[in-house]
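Please model the entire structure based on the sequences and the hints provided.
Going down the list, the protein sequences come from chains U and Y.
Okay, so the first sequence: first residue is 1 according to the working numbering, each after it adds one.
Okay, so the second sequence: first residue is 1001 according to the working numbering, each after it adds one.
Worth flagging that the hints you see were computed from the coordinates, not collected in a lab.
Every residue gets a Cβ at the ideal spot worked out from N, C-alpha and C, and that includes glycine.
Just so you know, nobody snuck in bad clues.
Only part of the chain Y face toward chain U is listed, based on derived beta-carbon distances under 7 Å:
1) Gly-1015
2) Leu-1016
3) Ser-1018
4) His-1019
5) Thr-1021
6) Val-1025
7) Asn-1069
8) Leu-1072
9) Pro-1114
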Amino acid sequence: MKYATDYGYEIKPVYGPADVQELDYARDLGDPGQFPYTRGYHANGYRSRLWTRRMTAGLGSSRDANRVLKKYREMGQTGGLCVIHDRPSSSCIDADHPIARRENGVLGWPGSSLHEFEELMEDIPLTGQSITLLGCCAPSALRLAYVVALAEKRGIDIHAVHGSVTESPFSNPFGQTDLQPFDLDMKLFLDSSEYILRNRIRMRTGLVGQHFQESGGNNAQVLAIELSMLKEVVSRLVNERGIEFDDVMRLPYQLVSIGTRFFEEIAKVRALRRMWARMAKERFGAKSEKSCQLLIAVHTSGRTMTYQQPLNNIVRCAIQTLAGAAAGCTAIDNATLDNAHAEPSPLAALMSLNTQHIVAVETGVADVTDPLAGSYFVERLTNEVEAAGYRILAEIDARGGLVAAIASGYVEAMLKEEANRKFRELEAKERLVVGVNHLAIAPEEEPFRIPVQEVEASDAEAIAERVAAWKKTRDLARVEASLRRLHADAGRGDRFNLMPAIIDAVKGYATAGEVIGVIRLARGLKYDPFDMIRCPFRLN
Amino acid sequence: MTQGRGVKVLVSMIGLDSHTTGAQVVATLLRDAGFEVVYLGVNQTPEMIVNAALQEDVDVIGISSHASNFSLIEELMRRVRQNGLADVPVVCGGNIPPNQLDRLKALGIARFFPPGSPGSAIIEYLAAQGRGTDA
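This is the structure:
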């Protein structure tokens, strides 16, 4: 067994005052609500507002996902909904694309048009709960357009809607490839961000450190990645789009992965709050205290959910949820007991949501703010992960920031080495996982066979057929006219914001493949990333 | 390590799945064990995988799958047979639900390695699949 954190800090058998003698309460911790916000942003913690307890939905057709969302509401998910795109729509190719036909509705919702979003949200309010839509950067601008368009159709003021439907372009190198070139993703990300900020829409954008960590990164690395993502994105919005820093900070939230090493995970989140608060003040000259308070949501770690003896995952999930709660996050969406098999079954979803409800109301963790503050061990861990994170951040900075560090291969190499190291540690039994390399049992002796949700090939094909037929029912002249405008706008350079033209096209029911395809054409790319279909519209 | 010497393995993702960590860890494991590894990466269609297997004259095809839609693997198996590669075992690793396994085995999948499989088991099995051309 190894007594060390995943970033290599050797853990001692006992901690005492000497381990935190440098710690200055006012400088390094502060009361909850006080800079540097190590202890959180609200003096009353969860007594003012519990974290949003939610499950990620999305599997099968839009109507299937709609039914699941309604079910989750019955299960007590009323604070906010969370839906993830399927693979084709994450990549902005339409359901009737030859490559998509076998993957529609797999691992997510086939959200490639406003029509699908309308079905997803049927009889579900856009307001009174946060609306979170996940799944790669490329469709972000589309998702924002869906929300704007549906709010308008329902006669709701867009400013009454809150949530997060856009995502940074940094998921691509971390296992969430969306087929689009980085510069296009970045442009669309900046356009959607600027649109949100200038129109004072209450929408956040996700900087998803979770993807990096779930691809194998360690806790110190992920802090460095999360901070350098923030730096890169915020700097671009300030410098390239001319938005004040304190306005920009209404936008980002971090989606952080939380694993089973309880104390280390809590330390990581506390360190992230402190590191951002200092960066906001020192690097960006924050004038508003709000800008120093990074919104942090938690996804409990899917990669720790084992294929073997899946019921054990309920326990892992509970420990991780408790860590997320003790760390003081804003929202948690949970992994599920069947995470290594498929998308959540109704049973798995119920267990995961109930895990959150039990942690929230039965354990007492929500009664007290930052309950582990002052623990010699947790404060030391917070300092250690922060120091290790700063060292990696300096390496990234020395390479010219995150975009340059990714382009040079530095980040990929770091991630790869770390994933290999984790694998070797399991092989050598330096880390034990029950049911996998410790107390394993033969597959035929599994005591319980969990129900598994699946999408069949015929379901995927049915989604494709339906989209192909629906496309012909649209007002094609209207679609073509809006795409022609979008094509023209997309030729006006990176600073020209495409959101108005995208919203117009989406309202006319142009699809993700068409919208992104036309923008691609204007940028000298093929309409279709696979070059299998041609643009069906006359653009000039 | 020399267990894999003379054995050429193709490792690929299939379809739009981009959960590459498992495939990359296995590719490294195999290279370190002396195998010759052709890693195709993401966005590979069954047709592209079979073409690469033919061109590279591999001994084994390894597919990484993350709760995917298994019809892509079905199509791969069909193309493997059509292209005279029936003697090239196709091995899958990743998150494949138990109830899909019987179906895939019936289609001729040689072996399935679930998450958490020991590296030694993967190496041992693949080392035995070499056709001995230069071993």
